[in-house]
Each structure stands twice: as C-alpha cells, then as structure tokens.
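Fit chain Z to the given chain E structure using the hints.
Sequence order for the protein chains is E and Z. The first sequence runs contiguously to residue 146 in our numbering. The second sequence runs contiguously to residue 368 in our numbering.
Read the hints as simulated data drawn from the structure, not as lab findings. All clues stand as given, with none of them false.
Stretch by stretch, here's where chain Z covers chain E in the computed footprint (C-beta under 8 Å, at least three residues):
#1 37–49
#2 57–64
#3 93–106
In silico SDA-like links for lysine to any residue, alpha-carbon gap of 20 Å or less:
#4 E/K46 x Z/G212
#5 E/K46 x Z/Q35
#6 E/K46 x Z/D166
#7 Z/K261 x E/Q90
#8 Z/K261 x E/A86
#9 E/K46 x Z/E213
#10 E/K46 x Z/W167
#11 E/K46 x Z/Q103
#12 Z/K353 x Z/Q318
#13 E/K46 x Z/T215
#14 E/K46 x Z/W171
#15 E/K46 x Z/S102
#16 E/K46 x Z/G218
#17 Z/K261 x Z/G212
#18 Z/K261 x E/R89
#19 Z/K247 x Z/I274
#20 Z/K247 x Z/D313
#21 E/K46 x Z/G165
#22 E/K46 x Z/M101
#23 E/K46 x Z/D104
#24 Z/K261 x Z/H121
#25 E/K46 x Z/H210
#26 E/K46 x Z/Q100
#27 E/K46 x Z/S159
#28 E/K46 x E/Y87
#29 Z/K261 x E/I93
#30 Z/K261 x E/M82
#31 Z/K247 x Z/S270
#32 E/K46 x Z/P211
#33 Z/K261 x Z/V332
#34 E/K46 x Z/R170
#35 Z/K247 x Z/A275
#36 E/K46 x Z/H36
#37 Z/K261 x E/R97
#38 E/K46 x Z/F214
#39 Z/K247 x Z/W119
#40 Z/K261 x E/S85
The beta-carbon is built from N, C-alpha and C at its ideal position, and this holds for glycine as well.
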Amino acid sequence: MRRHLLIAVVLLLGLLATARPASQTVVLVVRWDSAVTTLDSVSVRKLFLGVPVLVNGTPLHPVRNRSDTLLDEVFLQQIVAMSQSAYDRQILIGVNRQGWLRPTELASTPRVLDALYGDPNAISFMWLRDVAHEPRIRVVRVLWSD
Amino acid sequence: MKMSPNSGIKPMRISLLRLAVLALCSPLARGDPLQHEFLLMPSAQAVGTFDRQAPVTEVVDQVVQADMLFSLQKGPLRLFGEYLLSDHEGDLERFQLGWQMSQDTVIWFGRYHQPTSVWNHEHHHGQYLSTSITRPAMDEWEDLGGILPQHFTGTLIESSNPALGDWRLRWALGAGIAPRITPDGLEPFDLVHPDSRRRQIGYQARASLHPGEFTETGFGVFAASDELPTIGLATAPIPNLDHVDLKLLGGFGAYASNDWKVLATVYHASTRLIAPLTTRSDSFAVGYVEIERRFAGDFTAFARWEDSANGSDAAYLQLFPAFFRTKHLGGVRWDFLQRQALTLQLTDSHTLKGRFTDVRVQWSAAFF
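Excised from the complex, chain E in its bound form (with noise of 0.2 Å):
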C-alpha cells in the first residue's frame, strides 16, 4: 500500500514539474565578472526606464530583452510598472530633459547573450531557463517567478 501511494506522489509531482517548469522564472543578469552583487527593484525599474544606476563609479548599460511577448509583458508589469504607451513616454521625457540613453532593445536571447559578453557594465532579464548552463552569465537576482 505505502508503495502504490510512493509511486502515485511520484507521478504526481512530475506531473506537476511538467506543468511548471522551473523555466517559468524572470532573473536579473549580467557578465559573470560583473562589478553588480545586487541590485534592489528600484534601481531595477530606474535603469530600465533610461535613469543612469551608477556601480562603482560606472554607468550600467540596461539591455531590454524583447525575445517574447511573455517577456515583455513581465517587464511592462513587474519591472517598470506601466504601459508600454507610458513607458514609451517615460524614455522620451529622459532623452528630452536629461540626454539619458534609451535602454538598448534585442529580439533574440543569443543576441542578449552576446551583448553581455561584450560588456562588463551591461545588465539585462532573461528565463532562468536560457541562462542555466551558461557559465559566462551570473545571475544577480529572481526578477518574477509564476
């Protein structure tokens, strides 16, 4: 009996796993030689809206990673907290008062990738599933999880 409940736990819980995959997770990432540690969500959201977010002196250079539409509606809801409408203000108001650079826009995960290899500074957002074998990439901090 103890044996047949083992195994029906066992089906279940892949059965689960399946369902929710532990890929279903935004994460914050950088270069892994990256001089960011950590990074609190206001910093997060003031970096992706264009404000310049300052580690040890330097300017990070935020990577907006448009590779799905799943993707972007995380960013919209979780790490800026508005419209895309509102958003799109928001940078031209930056641009247009202070001269701040829009975040740099991708539309494949290699292309972000090769982006953060390139650049020590630059930080971007990505599916713990695209970075889980990538030993070049550090992950800084679980943006939104399902």
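The following block gives chain Z in isolation, referenced to the frame of chain E:
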C-alpha cells in the same frame, strides 16, 4: 592663429568643444564604451488670427520645425545637445557637458535652460511632449518675445535625493551668462556666434518635493537674480537705460495621474531699471493654471488660464510690447500611430495694447 577684433570670443567656442572631446577621452571615462542617442521631434503648425485689435501679436502664420537632440555618453561623462531647425531659425538651444557625480546628482557646463521655468524644464523645445501647442507667455523663449531670460551659459547642478520617507527632494542650482536686452527683446549668449559685449551673470535655484521617485506630482519654490544689460536701445522706459536688475520668486504645484494633470505656477518679479542719473523700481506677478484630461481613444482635452498683476504699470514690460497680460486657451489633442499627435487649440489673448484670437492646428511627432 590671428583673430580679428570682432572675434574675441571664438577661442571660447573652440575651447568648449575641445573640453568636451578631452573630457570624453579622459581617465574618468576610460574603459567604458562610447554610447549615443538621437531623438528627432518634428512638428508643423498653421495659425489663423481673427478679431484682431492688438498692433503687435508676434504670431507667425505657419511654422515647420525639427527639434534634434543628441547625447554621447562615456562612463560618467555625457555630452548633450539640442538643435532647433525651423523655417524661421536654426539655433543650438542646449549644449551641455555633464558629469554624473553620483547616482542622484549631475553637474553640467555649457548652455542650459534655466531651471526656474517649470514648463521649459519639463518640455524644452520639442512640441510633441507638450499637450498644448503654445507655452505660457511668461515661459516664452527670448526670440519669440519672452519677458524672462531662459537660456544661460555656465554651470547647472541637478539632483534628486530621498527626503521625508518615500518622498524625493529635487533641486537645481544654476549660474551663467545672462541674456541682454536689445531692441528685438532678450538675446541670450549664442555659442555658435558668440558675442560677449555687455554680458553679466545670472543665478537660479529651484527646490521641490515629490511623493515618489518617478511621479510628476509635487510642489516647489524657485528664485532667480539676473542683471540684464542693455545694448543698442533707441527708446527705453527711462532715458539712457543701462541695465535691469531682475529678481524672481515663485512657486508651483503639479498633480499627475493616469487621467488628469494639473500644473500651476506663479512668479513675482521685482525689477529695477538703472540709468546713470535715475532708477525706477517696479514689480509685477504672472501665473498660469493648466488642466489636462485624458479620454478613451487617446484624446486629451486641455485648458489654460494665464494672468498677470501690475503688468500695465511695470516699466520693464514696456520693453516687450507683445507681452500677454492675460490669455485663455483650450483645445484637444489626439495621439495616433506610434508617437504622433494632432492638436487643435483656440486662444484668446490680451496684450498690453489690445487683444486678438487665434486658432492653431499642429502635427507633432517623435522619432528615434
């Protein structure tokens, strides 16, 4: 290199550019890649005036313009400029070399928009970011009949710091070469065609409190002290007018939500007109309230009320015959496609010498 007598300031222009290039190549910026940004904000408007009883309106029937912003950044250093090209003028409006001293503070050197004008500090020259087509008369640019100096060349420090829990204190301090008074109105220092004859320094300060890091809602105070020399005036409110001491004190409040935006500003100006044998002191006040309401379908309705006190009696304002004593305007804006807008605006204006009404239609856009 030999300079002609009239080009005594040319080295300043060369030095500023050299300073910018040297700064971007300095050890401060070493190791960080050069990054850049370019923003184009074109607009076109047509204006019709009617019911016209004022001798001077300073209204141009049609304006096509392109506002271009560029930014170069390397490490904590930033070179930022704004060039406005229109069918009437081409001006380097802002040209600033900035050093990001900390996450919250930046110090600028160059030509900047003075921080006591809340409107101009928020919108600058780009028409797309302004809901109404025209700006308040008290914030009008110098070359369009503006009564207060707006462009200075010197140093500007801007900062935003935590205060009172989650609130933020935003402040700015500026000191720079002030505009001078000519027969055509105020004339700021021009970096492209520099002329340093009869120039003085002006000072500005602004501080405001905001309930959050990113909100426009807040309130604040500002002050400025400028000495404005005159040059080439054939007629003046007092004989042989040499310069004007202008002192400004004011405050503003703003409320911004998804649907509503309200902005109110008031200035009190004390002026002292100084001639070798006489002086004349006056004061006047100017202010405005603008209300904006967003509706479904990307429509925004807006209305603004501008007024002044003691404007008719102030000798300083006699230097600006097109100054608007009162102004009432209203209109509607429709945002369409990506970053494009059409705006219709109706204005009733009262100058010191008469009144008129105008209707305007504008297309504006922003392109990266």
